[in-house]
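J.: Those protein sequence lines, which keep their order, are chains W and V. Take the first sequence: its position 80, counting from 1, is numbered 80 in UniProt numbering, and each next residue is one higher. Take the second sequence: its position 183, counting from 1, is numbered 183 in UniProt numbering, and each next residue is one higher.
Keep in mind that a hint or two might mislead.
Said to hold, decoys possible - Selected chain V positions facing chain W (in silico; Cβ < 8 Å): (1) S227; (2) A230; (3) G540; (4) T541; (5) R579; (6) M583; (7) A587; (8) P608; (9) F609; (10) H610.
Said to hold, decoys possible - Calculated cross-link-like contacts (lysine to aspartate or glutamate; reagent style EDC-like; alpha-carbon spacing at most 16 Å): (11) K62/W to D596/V; (12) K155/V to D105/V; (13) K158/W to D192/W; (14) K158/W to E542/V; (15) K224/V to D527/V; (16) K342/V to D508/V.
These aren't lab readings, by the way, just hints derived from the structure by calculation. Each residue gets a CB set at the ideal place from its N, CA and C atoms; glycine is no exception.
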Amino acid sequence: MKTKFLTLIAAASLFLASCSKYDNFDAPELTLSGKVVYQGKVLGVRNNGPQLELWQDGYPLKSPIYVYMNQDGSFSAKLFAGQYKLTRRPDAPWLQQATDTIRINLTGDTNLEVPVTPYFSITNETFAKSGNTINASFVVNKVVQTANVELVRLYLGKSVLTDQVLRDVRVDANISSLVFGSATSLSADIPDNLKNLDFIYARVGVKATIASEYVYSQVQKIALK
Amino acid sequence: MKKIYIAFALLFGLSMNSCKHDEWLYRESKTTITDEQLWNDPNLITSLLANYYDRLPSLHGVFNTGGMTEIDDAMWSGTRDQNGRNDFQYGNDYGRYWNYGLIRDLNLSLESINALGGKLTPAQKSLFIAEMRFIRAFVYFEMVKRMGGVPLVTKQLIYDFSGDPTPLQIPRAKESEVYDFIYKELEEVKVDLSANNGIATRANRYTALALESRAMLYAASIAKYNSLMAAPITTTGGEVGIPASMATDYYNKSLTASKELIAGPYALYNTNPDKGANFYDMLNKKPVSEVIFAKDFSLGTKVHRFTYDNIIKSMTEDNEASSAISPSLSLVESFNYLDGSKGTLKDKDANGNYIAYTNPADIFANKDGRLFGTVIYPGTTFKNNPVRMQAGVAVYNNGAYQLTTSAVLGGNYTDGQIWTGFDGPKDDAVDVSNTGFYIRKMVSDAPAASTRGTAAVNWWPWFRLGEIYLNAAEAAFELGRPEGLGYVNTIRTRAGFPANSLSTLTNDIIRNERRVELAFEDHRYFDLKRWRIAHLVWDGTETDPNAVVMGLYSYRVVRPGHPDNGKYIFARVRPTRFRRARMFRMANYYSSIAQDVLNNNPKIVRNPFH
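Assemble the whole structure, with the sequences as input and the hints as a guide.
T.: Have a look at this one:
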């Protein structure tokens with residue numbers, strides 16, 4: 001009887017031991033992180049909006065690895081070591097550049113600045129509170145000469161995730177009077193539900209007619225008290 | 001030893017002998033049907049066609065409860081594991097449909113019936129061929145409206161083992177070419193389909209016209225409204241996007257088909273003087289007068305569980321899940337008042353104070369009859385029983401109403417009267433309305449229809465005359481012709497509006513009519529797409545009542561000594577279970593093509609934004 005138990009235990013431990021062989025694949029441990037930049041300046045995007053795409057050659061079934069971006073234009077992905085191709089997808093506020101692949105040889109944790117060509121860029125943005133109003137001043141620059149601007153908007157929100165989707169206030173600029181390359185200003189009244197907060201967040205977004213996403217300034221925290 | 005030789009000789013002789021009876025090896029199988037047998041037997045072919053009809057595709061249609069809760073008409077209030085329907089954004093592949101398996105089956109059948117079906121009468125043969133070509137056109141329409149131009153494959157693709165697969169790699173046709181193909185096919189087969197006239201579940205002449213009417217309207221509106229976008233969605237090869245110059249021709253084709261249908265043997269169902277009940281009966285009672293083409297169900301053989309899924313909580317005859325679809329306040333408000341005013345519900349007066357109603361149904365009084373036929377709201381009835389809907393009580397306290405709800409459905413408040421009704425609505429609850437509304441349309445009132453054992457047999461309307469009237473109205477309006485007004489007024493009269501209730505048409509009126517008339521019939525997603533306003537209506541804004549599914553909760557007033565005591569007030573709410581506003585991106589106008597399709601066929605062009 002005893003031997004029988006022993007055999008059983010031996011068999012079970014063998015079974016368990018063999019399992020570990022199949023279950024415990026190494027998790028990807030290298031981090032590819034970075035930012036999307038234009039002329040050295042990080043572009044703000046919608047959280048959970050635009051994506052980059054990673055591809056790896058050498059495997060029979062090809063499918064992309066989507067890399068989502070934070071609202072400040074940064075991204076990160078856990079990967080295995082290897083050769084990757086990074087492409088700038090459409091459905092973003094910048095040119096697709098599908099054939100202009102960035103090659104990445106990942107051997108250790110890597111930080112990468114991905115240059116993109118946005119249709120428009122926002123520079124010199126300042127936000128100031130005056131009384132019950134937030135005044136924004138900024139410059140919209142045309143980067144892609146064929147692009148047309150559809151909307152220029154000022155957003156106020158109660159969290160750092162403030163954009164076209166998550167926002168409490170949205171004010172549209174008058175597009176017909178917009179002059180590229182020179183200062184534009186927009187102002188928004190702070191609504192009642194935000195008045196009593198300690199601080200709110202403000203941001204400017206610009207949408208090109210051809211793009212489905214906005215390019216944003218970085219989120220600015222404004223103290224109300 | 002000798003014996004062994006003899007035995008061998010005998011065996012040898014036996015085997016020689018048996019070889020002569022080789023017909024034994026060629027007997028007809030009793031378990032398989034050969035191609036010759038199939039294509040010469042009308043009964044077998046009909047049975048095969050039943051399979052093809054059953055595979056007709058839809059996105060949110062054919063009682064797809066989950067799909068119906070993925071747009072702005074409703075939210076999901078069933079089991080929590082499917083709450084993703086309230087917390088998602090349309091993915092790049094949303095609505096992807098690339099079914100060349102079905103196309104190949106149809107092409108194979110068309111080739112086989114021509115090659116082998118010698119014993120069929122010419123009339124039989126031409127009818128079967130026409131039906132299969134209709135189904136193929138239907139499938140191509142489903143593909144083009146979701147993917148844009150797709151490869152037009154009209155015969156079997158057979159690999160020749162030469163090592164060169166390029167003859168099998170067919171590029172995408174232009175979007176307009178696919179619509180032209182659909183029109184041409186339907187024009188060619190509609191005469192042969194006449195033999196099926198009067199049958200609502202197989203393609204007949206009028207079914208072909210109905211598909212023409214819808215498909216040409218889609219092509220026309222894409223041609224027109226895509227070009228009006230600030231940046232039209234196109235590809236250089238025309239796989240996506242139709243030139244604006246083609247719009248008029250498509251509108252004319254749609255209008256011609258619609259007019260022939262309206263002049264045909266169908267009539268709007270209008271037998272019940274109660275216009276709301278009439279609208280409900282129109283889909284529930286299987287009237288052949290209005291429904292042109294339907295997917296039928298029958299007790300014992302083929303049933304569906306739409307009623308089990310969606311019946312109002314207190315009337316379910318089964319245990320477990322019910323009430324999965326909670327229609328939205330924006331849908332309810334899109335039903336206008338019979339005096340022609342906008343359908344916005346009057347829950348508060350100009351000063352922001354609640355308006356108290358004696359009966360909960362009073363706030364919905366004098367609305368479009370289709371509201372009753374589509375949605376169950378507080379104070380109405382279902383199966384001739386009053387519904388028990390009340391979100392809670394509103395206690396007047398220190399100059400304001402405190403809205404309180406009971407922890408259990410059907411509980412009583414301290415005054416001994418109902419606190420929260422057995423039918424809810426209840427926020428953040430499962431299998432009970434989360435918006436204050438239930439769906440009535442297509443939820444069967446037959447006995448035991450909400451049980452899983454019996455289930456429901458009301459049919460799914462692929463095409464009905466009500467849609468054709470609105471197709472005709474839209475096409476006529478876009479062409480600048482006056483008759484569109486009459487079509488819309490006819491539809492509105494059936495819904496209880498006075499005759500000639502409108503004197504002018506606008507795009508907004510036509511679009512709103514489509515929303516209320518065709519709610520939950522798998523139209524709205526595609527309508528908003530072809531008008532190119534989906535990204536504006538469902539812009540993902542968390543504060544927008546169109547992108548967010550809102551609810552309207554009814555409360556009984558507890559304010560002793562005040563005239564409003566015992567009356568009902570209504571509060572607009574955003575249900576907790578609705579997590580993320582509907583967000584339709586430009587990339588959703590055409591779904592992405594699957595990576596394996598792109599890998600297999602290098603000639604396939606990607607859709608824009610993908």
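J.: Checked against the structure, which of the hints given earlier come out wrong?
T.: 1, 5
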